[in-house]
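Take these sequences, add in the hints, and give me the full structure.
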Amino acid sequence: MKGWLIHHRAALAAAFRRLWATPLNTLLSLIVIGIALTLPAFGYVALDNLRDLGRNASSVQQISLFMSLDASKKDVGEIESRLRQAANSKWRFVPKEDALKRMQTNEGMAEIVASLPRNPLPDAFIVEPANTEPEALEILRKEIAGWPKVAHVQLDSAWVKRFDAFLRLGKLALWMLAGLFGAGLVAVTFNTIRLQVMAQSAEIEVARMIGATDGFIRRPFYYFGALQGALGGLLAAALVLLALRLLAGPVGELAALYGGNFSLRPPGIVETAGLTALGALLGWLGAQLSVSLSLRKLD
Amino acid sequence: MIEASNLTKRYPGGFEAVKDASFSIGAGQMVLITGHSGAGKTTLVKLISTIERPTSGSLVVNGQNLAALGRSAIPHVRRHFGLVFQDQKLLFDRNALENVLLPLQIAGLPRREAIRRAQAALDKVGLLPREKANPIALSGGEQQRLAIARAVVNRPTILIADEPTGNLDSESGLAILDIFADFHRVGVTVVVATHDESWIERYHPNVMRLDHGRVVA
Chain A
1 MKGWLIHHRA ALAAAFRRLW ATPLNTLLSL IVIGIALTLP AFGYVALDNL RDLGRNASSV
61 QQISLFMSLD ASKKDVGEIE SRLRQAANSK WRFVPKEDAL KRMQTNEGMA EIVASLPRNP
121 LPDAFIVEPA NTEPEALEIL RKEIAGWPKV AHVQLDSAWV KRFDAFLRLG KLALWMLAGL
181 FGAGLVAVTF NTIRLQVMAQ SAEIEVARMI GATDGFIRRP FYYFGALQGA LGGLLAAALV
241 LLALRLLAGP VGELAALYGG NFSLRPPGIV ETAGLTALGA LLGWLGAQLS VSLSLRKLD
Chain B
300 MIEASNLTKR YPGGFEAVKD ASFSIGAGQM VLITGHSGAG KTTLVKLIST IERPTSGSLV
360 VNGQNLAALG RSAIPHVRRH FGLVFQDQKL LFDRNALENV LLPLQIAGLP RREAIRRAQA
420 ALDKVGLLPR EKANPIALSG GEQQRLAIAR AVVNRPTILI ADEPTGNLDS ESGLAILDIF
480 ADFHRVGVTV VVATHDESWI ERYHPNVMRL DHGRVVA
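These protein sequence lines are chains A and B, in that order. Numbering follows this note's numbering, with no gaps: position 128 of the first sequence is 128. Each number in this note's numbering corresponds to the 1-based position in the second sequence with 299 added.
Treat the hints loosely; a few may be bogus.
As the list claims (entries may be wrong) - Pairs of lysine to aspartate or glutamate, DMTMM-like flavour, derived with a Cα cap of 25 Å: (1) A:Lys297 <-> B:Glu351; (2) B:Lys431 <-> B:Glu397; (3) B:Lys345 <-> A:Asp214; (4) B:Lys388 <-> A:Asp70; (5) B:Lys388 <-> B:Glu430; (6) B:Lys431 <-> A:Glu205; (7) B:Lys388 <-> A:Glu205; (8) A:Lys2 <-> B:Glu412; (9) B:Lys345 <-> A:Glu143; (10) B:Lys345 <-> B:Asp477; (11) A:Lys297 <-> A:Glu203; (12) A:Lys297 <-> B:Asp392; (13) A:Lys101 <-> A:Glu128; (14) A:Lys142 <-> A:Glu78; (15) A:Lys142 <-> A:Asp70; (16) A:Lys2 <-> B:Glu351; (17) B:Lys388 <-> A:Asp214; (18) B:Lys345 <-> A:Glu203; (19) B:Lys431 <-> A:Glu203.
What the hints assert, rightly or not - Chain B regions said to be covered by chain A (calculated; three or more residues, Cβ under 8 Å): (20) 362-375; (21) 390-404.
As the list claims (entries may be wrong) - If the Cβ cut is set under 10 Å, some of the chain B residues that face chain A in the computed set are: (22) Gly327; (23) Ile350; (24) Arg378; (25) His379; (26) Phe380; (27) Gly381; (28) Phe384; (29) Gly407; (30) Leu408; (31) Pro409; (32) Arg410; (33) Asn453; (34) Arg454.
Hints listed in this document are in silico derivations from the structure and should not be mistaken for laboratory results. C-beta atoms are modelled at their ideal positions from N, C-alpha and C, and glycine is treated no differently.
See below:
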């Protein structure tokens, strides 16, 4: 166990030394890896923000429930009780008298409303479900439509579906982009390590002759790949953060023009750690492929 | 300690460098493998040190049949040997001490203990004052002594050398021979392949003579 720890510590130290030994090469590799990870990471953060934007747009999440004109107070109470049980949703009741008053305040409607023999508007409920997935909204809409004395249930599902389809398309494009750039990262690490193995072929030959295991020879390269990938991931997180800071002002102004109050959410510690870990994993993968192929050539 | 029976090494193309060799080397012996150029000395040394695998026959070292060893077991077997090559195979991107440290790093020794042992090995071959020197700054004899320090630092049970004095003048060569003799005196089994027969008069080792791959004496 002690020997194992000594080997790993020595391999990690060797990986750091190799990174420091050629600072310009290291910097260039980190920039390439950083940019390769920045593009999909920025896409992820942008989609995440868009999803938040969709959730925050209340009109998207609302279901309007209109009662029959002949619904009694008891019927309204029944619906209230069902809404309480039905879903983890917020809702409010809009009595038909309030709806009529609001209608009267609209320009040119006061006279028309005054000429009506009776209130033509029904009692209504505005429901804001907690689960805003289009499928969940549709299921809830159908359920509510089946309740007694419910005349009509309105859900702006087309808008929700379009928005959701856009997000799904964005997610798919993002995965494709991430796959491409991930392959790029693996290729960069592969090439860097291939050159290192070639440069150290004499050392590898001697080490093998005097009893080095494959693990002893491979380990420093694995650490190097993982370390380079992790640093690239950190750089990518920093670049995403910088881009979001630059965009925050213009996005806020745009949101204000639409009467909203929206701000971009930067990647948190979990996302940054995830990006770093992903970089390390891809770097390790590149190192693994490169060392296996290069050592086979030296055999 | 080393038992060979009908040992044969055939290279691709059909050339047999070692043919049907059977011999026995006891623990603590000093054995000189000699013969003309191309007799199979280097191949035999490579077979004993597991750098080459036998084509047929058996080769038992320290109770292990090297012919039947799995690939993953070979590095662990090699750690029992100290290997010295004619071309030394030193690493020129590190200093003398770091060259000697390599086998100890492979063995997983703590750094402080490894440095202590590496310095002791350098001291034994008279190179401690030059521990910080790059091998390229050392003379041929010093480079060979450095290679010996690296070979013995792990306290091997068998010290194997292939033409260790081949590139040296007679004075440096004698100094190297003395170092091998010193290790033999403290109980290390020493196997040296060389065409330089002046060793025989000086140290009276056991001699194994090869001719066209066959053990003839």
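query: Is the Cα-Cα distance between Lys101 of chain A and Glu128 of chain A 25 Å or less?
result: Holds, at about 23 Å.
query: Is the Cα-Cα distance between Lys142 of chain A and Glu78 of chain A 25 Å or less?
result: Holds, because 17 Å separates the two Cα atoms, which is no more than 25 Å.
message: Does Pro409 of chain B hold up as a contact with chain A if the rule is Cβ-Cβ below 10 Å?
response: Since the shortest Cβ distance to chain A is 6 Å, the answer is holds.
message: Quick check on the hint: Gly407 of chain B CB to chain A CB, less than 10 Å?
response: 3 Å, holds
- prompt: Is the hint on Gly381 of chain B kept, meaning its closest Cβ partner in chain A is under 10 Å away?
  reply: 8 Å, holds
task: Please work out if Lys431 of chain B and Glu397 of chain B have their alpha carbons no farther apart than 25 Å.
output: Distance of about 8 Å is within 25 Å: holds.
query: Taken at face value, is the distance from the CA of Asp214 of chain A to the CA of Lys388 of chain B at most 25 Å?
result: 19 Å, holds
field: Pair hint Lys142 of chain A and Asp70 of chain A, alpha-carbon separation not exceeding 25 Å
entry: Given pair Lys142 of chain A, Asp70 of chain A holds - Cα atoms ~21 Å apart, limit 25 Å.
message: Tell me if the interface restraint on Gly327 of chain B is satisfied: Cβ within less than 10 Å of some Cβ in chain A.
response: Since the shortest Cβ distance to chain A is 22 Å, the answer is violated.
field: Pair hint Lys431 of chain B and Glu203 of chain A, alpha-carbon separation not exceeding 25 Å
entry: Judged against 25 Å, a Cα distance of about 19 Å means the pair holds.
message: Can you confirm whether the C-alpha distance between Lys431 of chain B and Glu205 of chain A stays at or below 25 Å?
response: 23 Å, holds
query: For the pair supplied as a hint, Lys297 of chain A and Asp392 of chain B, is the alpha-carbon distance within the 25 Å limit?
result: Given pair Lys297 of chain A, Asp392 of chain B holds - Cα atoms ~22 Å apart, limit 25 Å.
Violated hints for the displayed structure, listed by number in ascending order: 4, 9, 16, 22, 34.
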